[in-house]
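Residue-level listing of the chains:
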Amino acid sequence: MPPSVTHTPAELMTAVAARELRDGEVVFVGIGLPNLACNLARATHAPGLVLIYESGAVGAEPERLPVSIGDPSLVTGSLMVCGMADVFQCLLQNGRIGVGFLGGAQIDRFGNINTTVIGPYARPSVRLPGSGGAAEIAIHARRTLVISRLSRRAFPESVDFVTSPGHRMGGRSRRELGMPGAGPVRVVTDKGILDADPDTGELVLGALYPGVELDEVRAGVGWTLRCRERLQPVDPPSDRELTLLRDVLDPRGLYLKG
Amino acid sequence: MPPSVTHTPAELMTAVAARELRDGEVVFVGIGLPNLACNLARATHAPGLVLIYESGAVGAEPERLPVSIGDPSLVTGSLMVCGMADVFQCLLQNGRIGVGFLGGAQIDRFGNINTTVIGPYARPSVRLPGSGGAAEIAIHARRTLVISRLSRRAFPESVDFVTSPGHRMGGRSRRELGMPGAGPVRVVTDKGILDADPDTGELVLGALYPGVELDEVRAGVGWTLRCRERLQPVDPPSDRELTLLRDVLDPRGLYLKG
Amino acid sequence: MGDAVAALVHDGDTVVIEGFTHLICFAAGHEIIRQRRRDLTLCRLTPDLIYDQMIAAGCARKLVFSWAGNPGAGSLHAFRRAVERGEPPLELEEYSHFGMVARLSAGAARLPFWTLRNYMGTDLPAANPLIRSVTCPYTGETLATVPALNPDVTIVHAQRADAAGNTQIWGLLGVQKEAAFASRRVIVVVEELVEEAVIRADPNRTLVPGLAVDAVVVEPWGAHPSYAQGYYDRDNDFYVRWEAVSREPAALTRYLEEFVFGVHNRAEYVERCGGLEWLRAGSRVCAGVNYGY
Amino acid sequence: MGDAVAALVHDGDTVVIEGFTHLICFAAGHEIIRQRRRDLTLCRLTPDLIYDQMIAAGCARKLVFSWAGNPGAGSLHAFRRAVERGEPPLELEEYSHFGMVARLSAGAARLPFWTLRNYMGTDLPAANPLIRSVTCPYTGETLATVPALNPDVTIVHAQRADAAGNTQIWGLLGVQKEAAFASRRVIVVVEELVEEAVIRADPNRTLVPGLAVDAVVVEPWGAHPSYAQGYYDRDNDFYVRWEAVSREPAALTRYLEEFVFGVHNRAEYVERCGGLEWLRAGSRVCAGVNYGY
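Residue numbers (the numbering used here), protein chains in the order written: chain C, 10 to 267; chain U, 10 to 267; chain X, 18 to 310; chain S, 18 to 310.
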């Protein structure tokens, strides 16, 4: 049986994202797959991972799966709860955040993310929620990881609105624009991993999941996707990872069904 | 027996200062006579006075006489204890402080106060403690009250160093310089009360204590002291005020002896 | 609540009902809708369901915000209809979370602006000309600024306060302190009114002092369907159900008729919900600390 | 403490030992004197007795401060001799309290400067050219600025922390949080090392998270003669006696010989003081709050 049948795309993406995290890192977490990825990493190779939510909970160890970034279960038993001025000034702008997770309705060729509008800003066809903390996370986290399923709609050549900056904005690099963090270095999709080219900032294919054809990936982005010279191998979720995800971390399948 | 024998100068100054406070006002308090004046006011005509210390204690009701602005007795049983960033930004700069008490080694004709140096700044003959919170209290409190004994050394025509601004600095008014508060409107001394002239900012004699001659006051300031057209009458400390000060507020005579 | 809103919230006011997921004062929002306030400028990091309801009820002229969604459940459809189709028209002034926090921090400190290292490479400054910049007088570098936000009235929901408004909050603190100090008028709404002695026993817990508070309203369950740590849990089912209600203007109107206009106060709302005891918090009481000397 | 100071405090460092009256880490100051650190830039709102001792011991090249006195008792005479007579020479960089708080706030936020409405009409900017100004991009008004303070090392005394450095403080909070976040390295010194579960039971009490801490030192009575709310009272007699000790260079030298160089660690210091049990705090334990949901 091919691996693609034994696990869902969401499970694979979560497992791959979890492996990106290093023990002891400080992670700015969102709800959903990023939260599951962090907790999977904590349960496997990164027990010392510190989870910070923009709501102000630091080092949370929730006893249930949080359904909102401000869930009370993130407060009870956490290491610190501080106000949001401290979160953004003393933690994020201070440079304490190693990894930020981002997602978005649109991600473009240079990793710019749009969570604001589809169509023109003044009268959009779809009004999205807006930045939240995403703009400053994209600027300040030492690196950001993006999780998103591939599709031409989600991966246009350029986004309708840059909510969270990626690389090469108007031809200028992040460093030239004075951004402290390295930005979206990696995009975890349901078919493979896109890496930001260290020189140009362009997203290129860095890894293909087992059983996925290159053309499937190319069909999911709105530009001519380049590949790294050597694609990295990616293991499917291990039995241990799947057991943790299904039995412990999301037993009701709230986020991992699809 | 004349009143001047029945009470000490410190007791009189404290009672006079207490009467300056209105019920419900928010006062930025220092240790010593200002603290006693506030607690005397609370025990008499101003039970709703709110005391704030720059250490962060709000609404303190100390069970012993605090000997430092950060005494633990100011914390226990207070209404709020916050960090000093909140004290200076959210309370003082925010405009919440009605009255600030100040003292100093030198107070000049226009109410400028020096708590920094006697002599030149770079090599002073006497190095004083410096501003502490005095500079910003003088600028932001809606009005400030000064308590000081008269002497030519303490009341020169102009101070060696302006730590806390009064009125008419370099000929410019507080309003022209953008100061929110009215500044030192009143100086309570051991012989009478000096008021800042509303037009010129100059300190002029507004009240003479019972039994004090005008010449005694004039001898205590380093400029030609002008008088208000009508001096206000000042009652000596009442029996109730003296009883409170001696038996309740400073029973060991820590501040009220002299 | 009726008296506090009547006295302190006026047509045309700039209004902040804060609380990041935690302690969102739905009770105050409903009362503002019931009293048919108009032309409000509503400000909040996360407009949430309560501002969706206020927009639908026609209270809002303008929205100042940083993330407008139904957290974990979908969209705010009244908000989206207003923006996508102008039904009804709604002016927007948009920041990021950090920008909104900075606006309230400046307001609380009574400074005209706040400085932050942000917004380079984003389209936000193009969409909002109030995002500007300043040059550092030491390094010469350019930094972003946002203007102070000083609301006419801020409503803070809290676990407890005394009659003088000395207010204690635990759990998520959001930007409640900054919003209260930034505001011209402050209404504190509490789950529980306590003796002054309770406040004085643990002064480090006080987030907003009474000297900054104009009215204290006691309104148990006032934050439902959001939550109050130690009092009741978040009603996630309500958030999920809102997606369908909000999507259909007729359903939204029916909701307002039944749960807002159809009740006189919070107690009737709780009754209309069929009681909320099932959300009552379990016990995880921490130990006290010693304030002795 | 010996290891932490040896590893984290170096000659020439910019050092902050904070604590406003409360929780002043004399133990760390004594260890720095014992290890004969030199050319330090000492920063602190209120230099207090511990910096007077460090100046007398020749550790300091420069003092950055806002109020240098012996609170309630008199002068810091070693400081005064240095400034008035250059014995030994000491460079000064002087602000007001608000200015120092603002410098550390900027440092904690990793901004190059902080804005405040202050210093008009005072001689402080003339004495300190680092007090500058900025023009508001909204109102055009001129506001004062101070530069960020980012110390090499900050020492925070606290009531308790866990082994990972998650640190809880109650009572006066001073600028401990800002100083810790502003600093490149942080040493936390605690009265009591507690299990992580104690910290997790009351997360709102945590002022500095472990992720910002480099070393945790357990040092009971480490703040004497200052105090630790809930642990021991301020030794006011010591502050009063310091006036005479500090006034006489020979007496100060004798003090350092006996109580700093003459002991190896804090336990021996406490013994040399004849025990400090008489300062032990009484009990005023507050009630806990419910973190349940």
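Because the hints were derived from the structure by calculation, they are not lab data. Bear in mind that the values here come from a model prediction, so they are computed numbers and not experimental data. Ideal Cβ placement from N, Cα and C applies to all residues, glycine included. Just so you know, not all the hints are guaranteed correct.
[Unchecked claim] Chain X residues, not near chain S, derived (Cβ > 10 angstroms throughout): (1) Asp20; (2) Arg55; (3) Arg78; (4) Ala90; (5) Glu110; (6) Ala218; (7) Val230; (8) Glu265; (9) Arg301; (10) Val306.
[What the hints assert, rightly or not] Each pair of labels, with its calculated beta carbon distance range: (11) C:Gly57 x X:Ala143: 56 to 62 angstroms; (12) U:Asp256 x S:Arg264: 54 to 60 angstroms; (13) S:Ala180 x X:Val257: 38 to 44 angstroms; (14) X:Arg271 x C:Pro219: 50 to 56 angstroms.
Cross-check of the supplied hints:
1. Asp20: Non-interface label on aspartate 20 (chain X) holds, nearest chain S Cβ at 29 angstroms vs cutoff 10 angstroms.
2. Arg55: holds, 28 angstroms
3. Arg78: Given that every Cβ of chain S is farther than 10 angstroms from that of arginine 78 (chain X), nearest at about 22 angstroms, it holds.
4. Ala90: holds, 18 angstroms
5. Glu110: holds, 14 angstroms
6. Ala218: At about 4 angstroms from chain S, alanine 218 (chain X) fails to clear the 10 angstroms cut-off, so the statement is violated.
7. Val230: Non-interface label on valine 230 (chain X) holds, nearest chain S Cβ at 20 angstroms vs cutoff 10 angstroms.
8. Glu265: For glutamate 265 (chain X), whose nearest Cβ neighbour in chain S is about 31 angstroms away, the distance exceeds 10 angstroms, so it holds.
9. Arg301: Given a closest Cβ separation of 4 angstroms, the condition is violated.
10. Val306: Per Cβ check, valine 306 (chain X) is inside 10 angstroms of chain S; nearest 5 angstroms; violated.
11. C:Gly57 x X:Ala143: 56 to 62 angstroms: For glycine 57 (chain C) and alanine 143 (chain X) the Cβ distance comes to about 41 angstroms; the hint is violated.
12. U:Asp256 x S:Arg264: 54 to 60 angstroms: The hinted range 54 to 60 angstroms is violated for aspartate 256 (chain U) and arginine 264 (chain S), with Cβ atoms some 35 angstroms apart.
13. S:Ala180 x X:Val257: 38 to 44 angstroms: holds, 41 angstroms
14. X:Arg271 x C:Pro219: 50 to 56 angstroms: Taking Cβ atoms as reference, arginine 271 (chain X) and proline 219 (chain C) lie about 51 angstroms apart, which means the hint holds.
Of the numbered hints listed earlier, those contradicted by the structure are 6, 9, 10, 11, 12.
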